[in-house]
Amino acid sequence: MQDAQPGEKAIEVDGLRFRYPEREALDGIDLVVRRGEFVGITGPSGAGKSTLCVCLKGLIPAGEISGRIMVSGKEIDRVSPFQENSAIVFQDPETQIIGLTVAEDVAFGPENLKRDPDWIRAHIPETLKIVRLEAYENAETYQLSGGQKQRLAIADALILQPDIMILDEPTSELDPVGKEEVLDVIARLRHERDLTVVMVEHAAEQLAEMADRIIVMEAGRIVDQGPPNILYRNAAIFHRPDGERAPQVAEVLYGLIEDGLLDESEFTAREEEAVELLARKLGASQRLASHG
Amino acid sequence: MPVGYSIYLERPSYIHHRIDPRTKLAALGSVFVLALAFNHPAVLGGLMLLLLLIAQVAQLSWRSLLPFLIGGIWFLVLGLLIWPFYVQGGPKLFTIFGNPIYLNGVLFGLAMGLRVALMVLAAGIWMMTTSPQKLTVGLLRLGLPYKAGVTMTAAIRFVPLLNAERITITEAQQSRALNLSRGNPFKRAVKSIAIIGPLFIRTIDLAQSLALALEARGFAARDGRTSIVSIEMTNIDRVILVVLAVACLVAIALRILGIGLISRSYL
Amino acid sequence: MAEPLPLAKGEAAIEVDDARFRYSASGPEVLHGVSLRVAKGEYLAMIGQNGGGKTTLAKLFNGLLKPTSGTVRTAGINTRDATVAELARTVGYVYQNPDHQIFAQKVRTEIAFGPRNLGLTPEEVTKRVDDALDLVELRDYEDAFAFSLGRGLRQKLAVASVLAMSPPVIVVDEPTTGLDLQGSRSILDLLSRWNADGRTIIVITHDISLVAERVPRTVIISGGNILADGPTRDVLSNADLLQKAFLRPPQVTRVAQRLQQFGIPPNVMTVHELRDELRRALRA
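Protein chains in written order, with numbering that gives the first Met the number 0: chain A, 0 to 291; chain B, 0 to 266; chain C, 0 to 283.
Honestly, I wouldn't trust all of these hints.
Derived DSS-like pairs: lysine-lysine, alpha-carbon spacing no greater than 30 Å straight-line [said to hold, decoys possible]:
(1) C:K126 x B:K190
(2) B:K133 x C:K58
(3) C:K126 x C:K58
(4) C:K243 x B:K186
(5) B:K186 x A:K113
(6) C:K126 x C:K39
(7) A:K113 x A:K8
(8) A:K128 x B:K186
(9) C:K126 x C:K105
(10) C:K243 x B:K190
(11) A:K8 x A:K73
(12) C:K39 x C:K65
(13) B:K190 x C:K39
(14) B:K146 x A:K113
(15) C:K58 x B:K190
(16) A:K128 x C:K243
(17) C:K243 x C:K65
(18) C:K126 x B:K186
(19) A:K73 x B:K190
(20) C:K39 x B:K186
Hints were generated in silico from the structure; no laboratory data involved.
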């Protein structure tokens, strides 16, 4: 299913506006996602993140839409046929599981696309291996935990061999164990397969580790975007009592920049880098103190 | 009440794996025809034994058959209590409350109880030996539209989920002092709105999410769909089908001729 | 403002004494002899992975489940001697998903459900509804259609419905699931406020950072046992213990613990504290 060339645009959105019958949801979205990029989306409830996700998948809800969406070089609109280049994972573990057994569930998507049953049967074990559910191939789906169900949902998407994975808050209904499992799978996915990932996620710390670029949405618009180490410095959005959630280290380092103890260029939103940075600074400071 | 998806029990038996689900469906239907064709307890008793034999071949444990057998006993008792008051014939046995009880009445009551027990047991065995997936494919081959097949599977898939929702809702409302064990049946039914209401709405909610998930995975994107579950009619199946057809015809013929009956005036 | 029904002086709000629980005689034991004492007016968080027993334990508090052995006393009443409906006067249990409770059309009617079930007079019921609306700050929506509210407001509605029964003890199950930061903060601020008013609050949650910021006492439950029970600062800085429950300390705590050699204390709980400590250390 490889259509786009390296470096090309996997997703291109131009002036997208969407209005549900009772309210506005997207108020002019312009977005480009390059092939292989990992883009995180964050923002408060009602910002339009879920609406954007379903539109990108080509599941345009009932309402008025205007603007242009191009995914893997194909235009998406209400009447375009089923998009095989992209796959989506939603937030609720329960309603994405359809099969009575794990194997059946993974097979569901390709069966719908009239894939050869032998091909499907052959690809099930390797797909389950990626999400670490290979031991559960014949397990009944109701016995799985939340984290396992969401990993299964990811497998359901992967077997369709998409170029683009869209994930809408895949961990928000899970406990810490489940969150860890799912985010680990997604992080590995991106390295093991040449996928473009768009993920809506509130877990700021993990998102900062995984994303190349993060987009902040509010009231149907993109209000800021950038690599985590630059974006999370934005005082207008983060670092305020009523602001969006930034990784805790970002908050701390931002505070130190304000205190004049750090330079802006040293800012990072990632835990490892932050620890290294602080260790260096504290070490230097200690040496100064002992020499002074 | 099954906690899982169905009462299907996986066993390495011939019946489970070598016989086509369509054949099993035909067998179930045939048992019903045979059960209705006769009303002599000896014949029906014989059919019952045959069913139990089939259950053995299918490697179903007595434990799993127990609920159906217990149900069967209930029907037997019921039959014996009711029918003797209506059916007459043969030597008179005794009198209850001024009503004469005859031998044929007792036998007929026994037969009726056996008949229902038979049908219930057959249905149970059928469910325990036919996996829902294979059954769905079987029905599809018989002409069920593919969308209906997915609907059936989805419905089965959601039974445990909705059951869990029902329990959670009940607990949540009980935590708000809803007391379902007090009050007359009418009052209790009215109180149940507190459970049915949220359950209904949750179901619709879940259905909407499900619809989106289905669409996202290409449901109805093509005309028809393939399946990793395969079934095949073999010669064994054909032989069985022929035997079943013959058995049904013979049974109907015997019925017309009045053989194997205690009473010709009742079904 | 509604005063919670008072607990008798000196009573513990909840006393769990060597409680064991299994769902069926043939099933596994889910709680292995757990003991817990919650004093009147405390605010505590129960954390631990799903399936570890925290929800089971919470359901013992209001009698939804009765211990297989051992005792659970709520405001001095042995839960085996009372029905859930009776215990609802003392322990309010707010379920995680508001949609599991909401069935009425109007917000007011919904909130009135609990008080009505308790058999209060119509005047009392109205008063309780009004008080509850104020407590959760839903006044503006009192005549709204319950299902037209967004998730965060429905959550508040669910909480209000339980508050209207004026229980002195409130158990809140995962109040921040599915809420954004604003919504989460809003609910937790309310919990802190009610605790300040004298209510005993038990919150079950996965959000370790919010617990670190706001809840004074933390209990870790995992594998059917209580692994830790004490001041949040001590519990959440014990990385080994948390790991047994498949949890990790908040990010700031983890960072602080890796900078201990520079004089940063290992039990930092909040962004504020870490920033202060770093300031102090860098300026020295």
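Numbered hints the structure breaks, given as an ascending list: 2, 4, 5, 8, 10, 13, 19 and 20
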